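Protein sequence lines, in the order shown, are assigned to chains A and B. If you read the first sequence in our numbering, its first letter stands for residue 1, the second for the next number, and so on. If you read the second sequence in our numbering, its first letter stands for residue 205, the second for the next number, and so on.
Rather than coming from a laboratory, the hints here were simulated on the basis of the structure. All of these numbers come straight from a predicted model, not from anything done at the bench. A virtual CB, placed ideally from N, CA and C, is assigned to each residue, including glycine. One or more of the hints may lead you astray.
SDA-like, lysine to any residue: derived pairs with alpha carbons at most 25 Å apart [what the hints assert, rightly or not]:
id, chain 1, residue 1, chain 2, residue 2
1, A, K23, B, H400
2, B, K349, B, Y333
3, B, K344, B, D355
4, A, K23, B, G379
5, A, K23, B, D873
6, B, K629, A, S17
7, A, K23, A, K159
8, A, K70, B, P401
Have a look at the derived ranges for each label pair, beta carbon to beta carbon [stated by the list, open to error]:
id, chain 1, residue 1, chain 2, residue 2, range
9, B, S651, A, K22, 56 to 62 Å
10, B, T648, A, K22, 29 to 35 Å
11, A, K22, B, T282, 29 to 35 Å
12, A, K22, B, G876, 23 to 29 Å
13, A, E67, B, S651, 55 to 61 Å
14, A, P73, B, T648, 57 to 63 Å
15, B, H932, A, G108, 40 to 46 Å
16, A, F65, B, I351, 39 to 45 Å
17, B, T648, A, H18, 32 to 38 Å
18, B, S651, A, F65, 27 to 33 Å
19, A, K159, B, I351, 44 to 50 Å
20, B, Q455, A, F196, 54 to 60 Å
21, A, S198, B, T648, 42 to 48 Å
22, B, T282, A, E67, 33 to 39 Å
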Amino acid sequence: MSRLNAANVTLANEIISHYPKKKSALIPLLHLAQEQDGYVADDAMEHIAELVEVTPAEVLGTCSFYEMFKRHPVGTYMINVCTNISCQLLGGEELLHHAEQTLGIRPGGTTDDGMFTLEDVECIAACTEAPCLQVNYRHEYRLSTDDFDRLVADLRSGKRSDIPAHGTLGTVRQHIPADRRAGIKHPDDEGTPAWFASRQPAES
Amino acid sequence: MTATENAPATTGVPFTLNGVELEAKQGENLLDACDRLGVHIPRFCYHPRMTPVGMCRMCLVEIDTGRGPALQPGCMMTVSPNMVVNTESEATVKAQDGVLELLLINHPLDCPVCDKGGECPLQDNAFAYGPGESRFVEEKRHYEKPIPISDLVFLDRERCILCDRCTRFADEVAGDPLIHFVDRGAQTQVNTFPDHPFSSYFSGNTVQICPVGALTAKPYRFKARPWDLTGVESTAAVDATGARVAIQSSQNRLVRVLGVDSDAVNWGWLSDKERFIHEATDAEDRLTDPLTRDDAGEFVVRRWTDATKIAAEALQGPAERIGVIGGARLPLEAQFLWARLTDELGITSRDAQLGDGLDPAILSGAPRATIDRACTPGGTVVLLGADPKEELPSLFLRLRHAVAEDGVKLIELTPRASSLSSYAKARLYAAPGAAAEVAAAISTDASASVGGVDAQELAKAAELLGADGPVTVLVGRANLAETADLTAAALVALHDVAPDLAVLSGLRRGNIHGAIEMGLVPGSAEGGDGAAGKSTEAMLAAAAAGEIDTLVLLGADPMADVPNRELVESAFAAVATVVSIDTFNTASTARADIVLPAAAWGEVDGTFCNLEGRLSPLSAKVTSPGQARADWIIAAELALATGHDLGVGSLGEVRSAMVETVPSLAGVDFDGLVSDADGPVIGGDRAWSLSAPSVSVPPVDGYGLRLLVDRTLWDEGTMVHHAPSLAHLATTATVSVAPAVLDRLGVQPGDQVTLNHENGSVDLAVAADGRLPDGVARIPFRAAGFDAGTLIGEGPVVDVRLDRASS
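Work out the full structure, taking the sequences as your base and the hints as a guide.
Below is the structure:
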């Protein structure tokens, strides 16, 4: 669990080439690191700093701002149970308690086998489907406690191939050839934008 | 608090401040305008030298821009026409009260044990604008306290109010964003990346600008309380930038140095060297008594009268057989007296430089630039010398701001990429020995690469030099293993392309420019017999040849500082008498016959002349240890003892004599220097009169690598060595080469390699340095573990060969 591997460095350089400033690729590269290791390791942050030419402190500053970048190892499946108002009214907290007991961990904890990490979260934008949760940010709707047990069993037995391991954003990755990219221009070369130029005082 | 009635009328923006109609300048920040007009708005995060961010919300004031009054942060507002500002309204007062209550929620009440207590903006503002009592009864946030974020700075995150000053400084001003906000919301904290400390040359500034006690500097922690401190304004004399400082002492010990904002020089910033080097003044092993040798050759303590008599005898030998080396440590007044004394004695061999500088003709024979000229927006700066970050760090900050923010175009004509290379518009990395050749090749229609520099870069440089805007060349000594004549030749070549250029001196050593101005340069003695005086190197060579009997060292340590080590050794072995006037035991005082203890920085009043020729005060704050005396008194006493009464009995009399006899000092008001934050510039108008010295550089021989020996900020220098907090920062000697050279050798960074040179070989650790061109090997000067001076001879360049270490 460390620096980006060779394949990902190639990918990282492709991502960096999408931006006029290398630094702009910081967040996509943090996702890449999280996809590789399931979390963003310190070594990976240092590696990203080298790739986008900033200091590791700046990478850490960005990475730590976002809750969904995990800086410590988490389970293969991150289960986020909603306890916000709609879910709470329809049994979200009971669902969370059941999850705690079933998995034997408190929110924030990871099971010993490294399969599951449990979190309680605020609204995940599925109030009509309450109570709901996410597994690696994929929604599961209107869960009873039995549904939860079935979900966990399915995950353990590998039946949920639609849910990739923690860190994977999507299963499809776009590769846009250089000649088909929208005009990438360094902001310094853009000149004054029209909307701004019109407000500049006239030269005397 | 009300606005002053007699606010100066400017051609500005009319606005209303607390019911009074006033005018602000075009584009003036509201906080700046209020400060200028005498209305104080409390603030934490706002700093006039950095971008406003509106982090702390302390400067909320009621502002009406035509849409009704609303609370807005003053630091984020530019005064606009007819703006109505109320800093005393009920809403404003309530907002200030509320902001302070929130800021104090997590702030520990450990003021009695906090270094900032007594001078803390948070304390002051809480007292003036705060609620007085907190309604917060819950547990405060806790962090481990304090944590070291660098060798010099400690961070107490509990006290931090997240004003973004230190992090902004690190990013915007120093360009070392090694501290950053980490986490967010209530957990937000300032921190470094694990195992990447805030090792910036400028880290001490964050301590000075921290508005609470979150950042504290190791050298000052728990040393004094603010109300015990007394202070005086002075000038940092550790390098030639001459940054303005306030020095503070408690119980007759220097405890703290703070940067003072001088528009013309340092903008309030200091390097850690300037900030913490005062520890050396207080060091244990200062020279405290005059010493002479007894019959057995051991030092014996003498009274001043006896020691002066013995030293005077040494000075009264034949004038052409006496050499005076050094003087850059001395204040201007002492330099003046030494110049007068050597004049009287007819000594023409005197040189304040130690063979590691430049021909003083470069400074007298070219128009002189100020820092402000170099930093004029739209101008061009050529770096012809060492990395300013390593040698003149406060100047580096000004230059960095100029090239990063003000559109000043930078041309590097250096042996390796400098600390400003990411901003450079043309990069001419000339191999050692090739600088003059490369400079001569600068042309818009350059078609071939010269000295390792691409034709494209040469053309770019020519274009920049021909553009509008002033051209300033920062001339220094980039490479101690290369003759200074090459730098002079390169400057002349640059002048051919840009005839209007001005020179900003990059000579680094303390008050060197004062010494040159006062005439401590070879051959400028008035009463001499017309024989040209010798430079330091020539004096040492003459001493080695038995042509000089007496060497006088004015705060100089040639044993360590003259690049050519072999030359110094043979000179010291041959010379009969060495008189050393110094503050510390150095390698040279150990070899001296007469040692006179001098007062150090912070112990004497005087005047400093920086690299622009700008005068600023040096102030006494503490008393000297033992019998150490001010240099001007030593000079005056020696003059009396040699029968040449200089007629000066006080510093004031010395200054009067200076104003009368030195043309460039005519009309200078020495007593007014303290209150003048910018200070007068002397010796201004100079016409171009340089011609290129001819140097022939041999082709690279079988050894294969050209040697680059340059300085780093933290070295084994006498002052750094004697400052306990800084001594351990000294660079360790390694030989660094471009990564490609490492690959060719088949070694890894950190491996031992054998460095072969003319006089033998030595094993050193090797390092990779991507800033070096191929074909160059770099060793830092005065680094711990190896003396690079042993490699430097009399040739124009030095070639070495690297091999894998045999073992």
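Verification of the hints:
For the hint linking K23 (chain A) to H400 (chain B), the alpha-carbon distance of about 19 Å falls within 25 Å, and the restraint holds. Only pairs whose Cα atoms come within 25 Å are accepted, and K349 (chain B) paired with Y333 (chain B) is rejected, the gap being roughly 28 Å. With a CA separation close to 29 Å, the supplied pair K344 (chain B) and D355 (chain B) exceeds the 25 Å bound. A C-alpha spacing of about 15 Å is found between K23 (chain A) and G379 (chain B), which places the hinted pair at or below 25 Å, so the restraint holds.
Annotation: proposed proximity of K23 (chain A) to D873 (chain B) is violated, straight-line Cα distance about 52 Å (limit 25 Å). Distance check on the hinted pair: K629 (chain B) and S17 (chain A) sit about 23 Å apart at the alpha-carbon level, within 25 Å; holds. Between K23 (chain A) and K159 (chain A) the alpha-carbon distance is near 39 Å, which puts this suggested pair outside the 25 Å criterion. Taking the CA atoms of K70 (chain A) and P401 (chain B), the gap is about 23 Å. The hint holds against a cut of 25 Å.
The given range of 56 to 62 Å is broken by S651 (chain B) and K22 (chain A), whose C-beta atoms sit roughly 32 Å from each other. Taken as a hint, the range 29 to 35 Å holds for the pair T648 (chain B) and K22 (chain A), whose Cβ atoms sit roughly 31 Å apart. At about 32 Å, the CB distance of K22 (chain A) to T282 (chain B) agrees with the hint of 29 to 35 Å. The beta-carbon spacing between K22 (chain A) and G876 (chain B), approximately 51 Å, falls outside the hinted interval of 23 to 29 Å.
Under the hint 55 to 61 Å, the C-beta atoms of E67 (chain A) and S651 (chain B), about 58 Å apart, fit the expected range. The beta-carbon spacing between P73 (chain A) and T648 (chain B), approximately 59 Å, falls within the hinted interval of 57 to 63 Å. At about 41 Å, the beta-carbon gap between H932 (chain B) and G108 (chain A) stays in the expected band of 40 to 46 Å. At roughly 21 Å, the beta-carbon separation of F65 (chain A) and I351 (chain B) lies outside the given 39 to 45 Å, and the hint is violated.
Checked against the hint of 32 to 38 Å, the pair T648 (chain B) and H18 (chain A) passes, with Cβ atoms roughly 36 Å apart. Distance hint check for S651 (chain B) and F65 (chain A): the Cβ-Cβ separation is about 51 Å, which falls outside the suggested range of 27 to 33 Å. Range check, K159 (chain A) to I351 (chain B): Cβ separation about 48 Å, and the 44 to 50 Å hint holds. Between Q455 (chain B) and F196 (chain A), the C-beta spacing of about 58 Å keeps the proposed range 54 to 60 Å intact.
Checked against the hint of 42 to 48 Å, the pair S198 (chain A) and T648 (chain B) fails, with Cβ atoms roughly 37 Å apart. For T282 (chain B) paired with E67 (chain A), a C-beta distance near 36 Å keeps the hint of 33 to 39 Å intact.
Hints 2, 3, 5, 7, 9, 12, 16, 18, 21 from the earlier list are contradicted by this structure; the remaining hints agree with it.
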